[in-house]
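Heads up, the sequence shown is in the working numbering, so the first residue is 1 and it goes up one at a time.
Since the hints were derived computationally from the structure, they do not count as laboratory data. Wrong hints could be hidden among the right ones.
Capping the alpha-carbon separation at 30 Å, the derived lysine-lysine pairs in DSBU-like fashion look like this [stated by the list, open to error]:
{"id": "1", "residue 1": "Lys285", "residue 2": "Lys260"}
{"id": "2", "residue 1": "Lys285", "residue 2": "Lys182"}
{"id": "3", "residue 1": "Lys171", "residue 2": "Lys181"}
{"id": "4", "residue 1": "Lys82", "residue 2": "Lys51"}
{"id": "5", "residue 1": "Lys230", "residue 2": "Lys214"}
{"id": "6", "residue 1": "Lys141", "residue 2": "Lys271"}
Note that the structure is predicted; figures quoted are calculated from it, not measured.
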Amino acid sequence: MKFLRFVIVAIVAFSTQSLVAQVPAFDKLEMLYDQQHYGIVYRRANRLLDKPEYDFSQIPKYYKAISSLQLAQDPFWNARHKNAVDESFELLAKVKSSAKGKKIFEAHYYELSSLRTDLESWVSDLKRQGKQQEAYSLANKIATLFEGINVLEDSKAPEIKYEASTSVKLKERVEIIDFAKKQLGVPYVSAGDNPSGFDCSGFTTYVMNNAGVKLPRRAKDQYEASQKIKEKDAQIGDLVFFSNGTEISHVGILINELGKPKAMIHASSSKGISIVEIETSTYWKTRIVGYGRFVP
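Model the full assembly from the supplied sequences, consistent with the hints where possible.
In structure tokens, the structure reads:
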């Protein structure tokens with residue numbers, strides 16, 4: 001009897017530990033997702049869902065859904081997985097509605113906030129492509145899922161005062177930023193391209209057009225059309241481009257002087273036109289694709 005009692009206690013202790021301890025397979029999903037390996041996360045999460053030993057957690061469902069929504073922003077992947085978006089939102093809604101799922105949402109606030117930013121950029125792209133119904137449907141799904149979940153706020157960059165210079169080129173760049181700053185506080189609007197509301201590439205197009213520089217409308221096209229420059233050479237007036245892991249999804253205008261910590265003015269989906277330090281933001285710093293130049 002003593003031996004049987006020992007076995008029972010040991011089993012209960014092991015089971016309890018299994019429920020609260022970190023699971024290596026789940027940690028791996030989080031790490032890979034953070035590295036933007038969405039395809040690998042999607043496949044691994046699907047495999048975990050087929051294993052009964054992981055039925056105690058909703059983590060595999062959560063990662064399958066959020067990786068699927070990232071992948072679906074690629075039109076080729078989306079075409080091959082026609083129901084993926086609807087299924088992912090439905091899956092996340094189920095996770096959110098359960099007690100365990102609420103804890104997952106709280107613990108993964110950063111991931112969800114970043115996902116929302118990516119999805120709102122997708123809505124803007126759809127609108128610019130004339131896919132109004134698809135954009136409207138996606139926007140409604142985003143609003144429903146993220147009700148009560150705020151977007152992660154970036155720390156605002158300190159006011160930058162440019163040193164006096166006789167350089168004509170630098171003065172032109174400062175003038176570009178001075179004009180851009182006049183739009184601070186203008187709200188974010190999907191596909192917006194004027195002072196009543198901007199999206200990211202609508203803002204850069206508007207600002208550069210005022211300086212006599214014509215830009216393509218989409219962030220992806222702006223990147224392709226720009227003169228590529230190295231990080232060490234990027235400065236005030238240059239553009240900085242970001243990716244959601246599949247393609248160019250955001251663009252901002254650098255406001256830092258040459259060699260100084262990177263900061264930008266951009267159209268934030270949560271704050272509208274605002275200034276943010278790039279190098280202190282995990283979200284922006286890890287998603288930089290490159291820098292482009294349109295002004296001498």
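Outcome of the hint check:
Among the hinted pairs, Lys285 with Lys260 is consistent with the structure: their alpha-carbon atoms are about 15 Å apart, no more than 30 Å. A hinted pair counts as satisfied when its Cα atoms are at most 30 Å apart, and Lys285 with Lys182 qualifies at roughly 25 Å. Simply put, Lys171 and Lys181 have alpha-carbon atoms about 15 Å apart, close enough for the 30 Å limit, and the pair holds. For the given pair, Lys82 sits about 25 Å from Lys51 by alpha-carbon distance, which is consistent with the 30 Å threshold.
With a C-alpha separation of about 22 Å, the suggested pair Lys230 and Lys214 falls inside the 30 Å cut-off, and the hint holds. With a C-alpha separation of about 21 Å, the suggested pair Lys141 and Lys271 falls inside the 30 Å cut-off, and the hint holds.
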